[in-house]
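Construct all of the structure, not just a fragment, from the sequences and the given hints.
Protein chains: 4
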Amino acid sequence: MERSDWWKTSISDISPGVIRYHGYPVEQLIAAPEVGMATMAWLLTRGELPSVPQARLLERALVAGVDHGPQAPSIAIARMAMTCGVGINNAMASATNVLGDVHGGAGQELMEIFATILQDPRPLPETVAAEIARLRAENKYVPGFGHRFHPVDPRREPLVAAVTQAREDGVVEGRVLEAALEIERQINEGRQRPIPMNIDGATAIIYAELGFAPVLGRGLFILSRSIGALAHAWEESNSGARNKGPEHRTILPDYVGPAPRDVP
Amino acid sequence: MERSDWWKTSISDISPGVIRYHGYPVEQLIAAPEVGMATMAWLLTRGELPSVPQARLLERALVAGVDHGPQAPSIAIARMAMTCGVGINNAMASATNVLGDVHGGAGQELMEIFATILQDPRPLPETVAAEIARLRAENKYVPGFGHRFHPVDPRREPLVAAVTQAREDGVVEGRVLEAALEIERQINEGRQRPIPMNIDGATAIIYAELGFAPVLGRGLFILSRSIGALAHAWEESNSGARNKGPEHRTILPDYVGPAPRDVP
Amino acid sequence: MERSDWWKTSISDISPGVIRYHGYPVEQLIAAPEVGMATMAWLLTRGELPSVPQARLLERALVAGVDHGPQAPSIAIARMAMTCGVGINNAMASATNVLGDVHGGAGQELMEIFATILQDPRPLPETVAAEIARLRAENKYVPGFGHRFHPVDPRREPLVAAVTQAREDGVVEGRVLEAALEIERQINEGRQRPIPMNIDGATAIIYAELGFAPVLGRGLFILSRSIGALAHAWEESNSGARNKGPEHRTILPDYVGPAPRDVP
Amino acid sequence: MERSDWWKTSISDISPGVIRYHGYPVEQLIAAPEVGMATMAWLLTRGELPSVPQARLLERALVAGVDHGPQAPSIAIARMAMTCGVGINNAMASATNVLGDVHGGAGQELMEIFATILQDPRPLPETVAAEIARLRAENKYVPGFGHRFHPVDPRREPLVAAVTQAREDGVVEGRVLEAALEIERQINEGRQRPIPMNIDGATAIIYAELGFAPVLGRGLFILSRSIGALAHAWEESNSGARNKGPEHRTILPDYVGPAPRDVP
Chain A
213 MERSDWWKTS ISDISPGVIR YHGYPVEQLI AAPEVGMATM AWLLTRGELP SVPQARLLER
273 ALVAGVDHGP QAPSIAIARM AMTCGVGINN AMASATNVLG DVHGGAGQEL MEIFATILQD
333 PRPLPETVAA EIARLRAENK YVPGFGHRFH PVDPRREPLV AAVTQAREDG VVEGRVLEAA
393 LEIERQINEG RQRPIPMNID GATAIIYAEL GFAPVLGRGL FILSRSIGAL AHAWEESNSG
453 ARNKGPEHRT ILPDYVGPAP RDVP
Chain B
213 MERSDWWKTS ISDISPGVIR YHGYPVEQLI AAPEVGMATM AWLLTRGELP SVPQARLLER
273 ALVAGVDHGP QAPSIAIARM AMTCGVGINN AMASATNVLG DVHGGAGQEL MEIFATILQD
333 PRPLPETVAA EIARLRAENK YVPGFGHRFH PVDPRREPLV AAVTQAREDG VVEGRVLEAA
393 LEIERQINEG RQRPIPMNID GATAIIYAEL GFAPVLGRGL FILSRSIGAL AHAWEESNSG
453 ARNKGPEHRT ILPDYVGPAP RDVP
Chain C
213 MERSDWWKTS ISDISPGVIR YHGYPVEQLI AAPEVGMATM AWLLTRGELP SVPQARLLER
273 ALVAGVDHGP QAPSIAIARM AMTCGVGINN AMASATNVLG DVHGGAGQEL MEIFATILQD
333 PRPLPETVAA EIARLRAENK YVPGFGHRFH PVDPRREPLV AAVTQAREDG VVEGRVLEAA
393 LEIERQINEG RQRPIPMNID GATAIIYAEL GFAPVLGRGL FILSRSIGAL AHAWEESNSG
453 ARNKGPEHRT ILPDYVGPAP RDVP
Chain D
213 MERSDWWKTS ISDISPGVIR YHGYPVEQLI AAPEVGMATM AWLLTRGELP SVPQARLLER
273 ALVAGVDHGP QAPSIAIARM AMTCGVGINN AMASATNVLG DVHGGAGQEL MEIFATILQD
333 PRPLPETVAA EIARLRAENK YVPGFGHRFH PVDPRREPLV AAVTQAREDG VVEGRVLEAA
393 LEIERQINEG RQRPIPMNID GATAIIYAEL GFAPVLGRGL FILSRSIGAL AHAWEESNSG
453 ARNKGPEHRT ILPDYVGPAP RDVP
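Listed in order, the protein sequences are those of chains A, B, C and D. Just so we're aligned, residue 213 is where the first sequence starts under my numbering, counting upward by one. Just so we're aligned, residue 213 is where the second sequence starts under my numbering, counting upward by one. Just so we're aligned, residue 213 is where the third sequence starts under my numbering, counting upward by one. Just so we're aligned, residue 213 is where the fourth sequence starts under my numbering, counting upward by one.
No wet-lab data here; the hints were simulated from the structure. The C-beta atom is built at its ideal place from N, Cα and C for all residues, glycine as well. Any given hint could turn out to be false.
Residues of chain A clear of chain B, computed beta-carbon distances all greater than 12 Å [said to hold, decoys possible]:
1. 336
2. 338
3. 339
4. 345
5. 346
6. 348
7. 350
8. 407
9. 425
10. 443
11. 453
Covered, in the sense of this in silico footprint (three residues per stretch, anywhere, with C-beta under 8 Å from a C-beta of chain C), are these stretches of chain A [claimed, not checked]:
12. 275 to 283
13. 287 to 298
Here it is, written out as structure tokens:
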């Protein structure tokens, strides 16, 4: 066995009979009852084990994001893929692949805004007002707030409760939570129809409070949503459908191009 | 809001202000401390909540499969992708996409073999012998046993211990475990260099004991390995490499085709 | 510069200042006016340059398969992907990814049937009858025949004409064509509503007559359909839609799972 | 059959027995000998048929980009994928998926720079100097120039010759060509080791001269490179390798993380 530094890594140390993640032997991690998926996601991306309360808070966010049904492009794609004669790996990959800047990126974007706000020396209300003004000047919404059909997102309340409790228990500082609530307050000022914090916003608070980099925020959401992709791919594969299109077979797309013409 | 049965599902029930998975409200699931990623994977794919010991056993298998370093094609691909200027969703999808019949399918295949063995009325040693003979006649290895460089897979021991304990606690029946150990015994009979049960074999026992369908075995492995893909993608993105090829830039592939010739 | 045989290839010979494909210098291929995409696809996969008439016949099949609108899952997926905030590479990959055994594999399957038929020493009608009987016994349709809404596939006629002409010109032998027409004749015998040869069937004739392996038949279809994926991805990206689901936002999927219940 | 405008398109008009692309019947396009892949790529993305000389010039660029061997991440990934037990669609998709901003985006970026330069009212040398200065101030290279190991890119000469000829024949205006040559002249001024125009640069000239939008530049490159992905996937699938990693099995990645430690 030779070693090469072209693929060097600090994540896993593999040699015959040995597997360690950031130094910890895999057999001890498997045997430790308090080590779960959230712990492993933390260890592998951060290099250290979280405390048990940190892992528990992270897990709340991961549980919250697993699915939002086949109206989401990712989930519809997982289901369509299964009807095209591919493996479940392909269907899950096809779903994950579209969790891009628009479908999966709101939380990541909000985490970047949190970072900007927290580094600003001005009082919080002033900083938040400036940041909202900047976004509006660029014709952008504040990411993580508002939902196209949930007037109140049912996931907001229990997630905010979990992070509030964690702050009381000294698990997190609570500065991101405070910033998020101030954003929510300001964008709702004087409005009749409220703009509630949504799942992307509420999970971004937790990921940021726990010290994850914004890109990892998107990665964690993907881990979570992979469960929904798996479940929907599996359900669809049992339907017997073949080459399932987006709408029922009897519905054709409107054609809005040029009238029939001959090739010259 | 209209409803259409083209995308009908029993997984998630979404309406304004409401999200329920197989009937359970998302806000209760988020708030329940014993509900983690393993529980959600079970609920969404199976339709019912697992008991706490069932979820714990499942989580042992999920923890065990998170990573095996960049020599695995999936992980190398996640890292290469990040150096090509794509988002982390793309890198994670690219990794998942190749967890096909060869890279991700051994466990699934073994689960199918378990099902065959358990339905056979003959005594276990006889059934197992017949199944091994069948595979050898088709020039196939028994999937889930042997590893190209681990003489003993360090993940086997703690996983077998976990499922043995679960059998003692009445969480699982233990018939799959028994079959797996009988396979291991028979294929090692009279050998000097042992063929140990590997990660695919040991996790397949757990998934099968818990009643998962074989295809879901692969899906669960993908959930697990997604953590490694995320961590490696993130690590590589911090390296500054651009268009990272499989081997160092100074190493060109051998060319073994025709000698130089002119286009006629 | 070192060479390694881990990535050895007979396709491209790359060294500083030099690029040759199967021996032919890239600069000559670029400069040769008769060398187009079809020629390059042939050269890279087969190792030799096609004759000009061979390349022309191949190109007829490639032209025929470029698109069948957004009701096809691949094309709908390319369009959805673009609304999720990903690059055009991701959208095109997402489309290609689902061209699996069901969505992209009929031609490949038919090419395997052609190979079986052509190796059979019996008279053609007898061999074809046996093969159709075998498929029906396995409860399968003959791949490449019939279309869910085209009573006559408009691509059949010009493709069959092209291969017929090529046989008359001595470009191909015509044995596959003969077999395909015999299949079409037999499966339509005594039927009121005809089962016409479809695009998969008609292009499979050309690919097989030209000597491509069945797997390459699927690969060539993918090259062709990539043009449609690109065009639809581009069109959708100009629509301004965000997270476009399969059906209009006002249409929710039917929920068919358990009634609301509490987490125990 | 109903029509819905959720998936409306101007590309393909599909109804029973009818397929038209931007108004042209598919059967006429298949039957027209001068209509090839380049023509179809133009028609589907632009809405009109190119002239024969326009299609020929486009095809020169498409021929030039088909492959650069397995040192390119895209091609290595296509090959690795095939050893993991997936279909050729998956391997081709996995290759395409990583043709992102870094691996596939240089041409697109250069096309945007061309657009900026051509809209500038100042004399060309002045505009080009300003644009180069801007890129250098941002610590960026001019995309499309220089190659990590070709001192001269063998594809530059025949591509520049083709577009020069097209300008002489009145097929293109030649303003982009002029700008590109001025960039090449200025960045090489006073240098000992020249920075040549590379494939991304030379094909970007052609795509821009022909009026393609920058994003389509990347899309066209993907169509071209898909041929290489197909050929390499096919070649590797015939190798019998399983789970082929980036480097030979005997070479392990360097581990650079924490020393062995126990789970607390």
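Taking the hints in turn, this is what the structure says about them:
1. 336: holds, 27 Å
2. 338: holds, 33 Å
3. 339: holds, 28 Å
4. 345: Consistent with the label, residue 345 of chain A stays out of reach of chain B, its closest Cβ about 28 Å off (over 12 Å).
5. 346: Residue 346 of chain A is indeed farther than 12 Å from all Cβ atoms of chain B, at 24 Å.
6. 348: holds, 26 Å
7. 350: holds, 21 Å
8. 407: Given that every Cβ of chain B is farther than 12 Å from that of residue 407 of chain A, nearest at about 14 Å, it holds.
9. 425: With a cut-off of 12 Å, residue 425 of chain A comes too close to chain B, as the shortest Cβ separation is near 8 Å.
10. 443: Non-interface label fails for residue 443 of chain A: nearest chain B Cβ at 4 Å, not farther than 12 Å.
11. 453: The claim breaks: residue 453 of chain A does not keep its Cβ more than 12 Å from every Cβ of chain B (closest is about 9 Å).
12. 275 to 283: holds (count 3)
13. 287 to 298: holds (count 8)
Consistency with the previously given hints fails for numbers 9, 10, 11, ordered from lowest to highest.
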